[in-house]
Amino acid sequence: MTTGTISIEEAQKLVGQEVGLSDWRVVTQEMIDQFAAATDDHQFIHTDPERAARETPYGGTIAHGFLSLSLLSTMVFEAVPRLDGSAMGVNFGFERIRFLAPIRSGARIRARFVLANIKLRPSGIAEVNYDVTVEIENSIKPALTAHWLTLAMPDRSRED
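For the record, in the sequence shown the residue sitting at position 52 is 52 according to my numbering, with numbers rising by one throughout.
Don't read these hints as lab results, they were simulated from the structure.
Bear in mind the structure is a predicted one, so any value in this text is a computation, not a measurement.
Among the hints, erroneous ones may be present.
Said to hold, decoys possible - Using C-beta positions, here's what the derived DEER-type ranges look like: (1) T56 - E9: 44 to 54 Å; (2) G59 - V90: 30 to 40 Å; (3) R108 - A37: 16 to 26 Å; (4) A37 - E9: 39 to 49 Å; (5) L14 - T56: 38 to 48 Å; (6) E50 - M88: 37 to 47 Å; (7) T5 - V26: 20 to 30 Å; (8) E9 - G106: 35 to 45 Å; (9) T56 - E18: 28 to 38 Å.
All C-beta atoms, glycine included, are put in the ideal place defined by N, C-alpha and C.
Hey, can you work out the whole structure from these sequences and the hints?
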């Protein structure tokens with residue numbers, strides 16, 4: 001599926017199907033270090049490549065699980081069509097998150113989005129839920145799986 005826009009009726013017909021696949025992106029040490037600075041999580045397995053290579057089974061540093069989760073926002077934007085008439089998407093939370101495999105510094109990841117459910121509220125807000133898998137290039141095991149709840153907020157500026 002290509003990005004762009006889709007009607008709520010078209011989207012409802014896609015429940016249970018893959019609706020987006022993001023591009024591959026590299027998780028760099030610089031990204032990991034910036035995330036550590038933003039969250040004050042400087043555990044050596046993320047920020048000290050030499051020590052992580054010596055003392056962990058990973059051969060070097062790995063990304064924070066929450067960094068990989070936070071990248072969903074940009075990956076959904078590039079991979080999944082926006083609902084017609086929506087002004088923005090809002091994160092509503094997660095029903096389930098599982099961190100299954102570490103993302104090593106320098107690894108490439110991408111996300112698959114399956115439309116799990118879509119429901120239009122009387123307010124015009126659409127609840128859009130995805131089953132998401134973040135894949136690591138050349139790895140059988142995914143980095144994470146999640147059931148993600150989002151809201152598509154209607155564009156009120158277009159109303160009379």
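Each hint tested on the structure:
1. A C-beta distance of roughly 50 Å is found between T56 and E9, which places it inside the suggested range of 44 to 54 Å.
2. A C-beta distance of roughly 38 Å is found between G59 and V90, which places it inside the suggested range of 30 to 40 Å.
3. In this structure the supplied range 16 to 26 Å holds for R108 paired with A37, their Cβ-Cβ distance being about 23 Å.
4. For A37 and E9, the hinted distance range of 39 to 49 Å is satisfied, since their beta carbons lie about 45 Å from each other.
5. At roughly 41 Å, the beta carbons of L14 and T56 sit within the given window of 38 to 48 Å.
6. In this structure the hint that E50 and M88 lie 37 to 47 Å apart at CB holds, the actual value being about 43 Å.
7. Roughly 29 Å separates the CB atoms of T5 and V26, a value that falls within the hinted 20 to 30 Å.
8. Checked against the hint of 35 to 45 Å, the pair E9 and G106 passes, with Cβ atoms roughly 43 Å apart.
9. Roughly 34 Å separates the CB atoms of T56 and E18, a value that falls within the hinted 28 to 38 Å.
Consistency note: the structure conflicts with none of the earlier hints.
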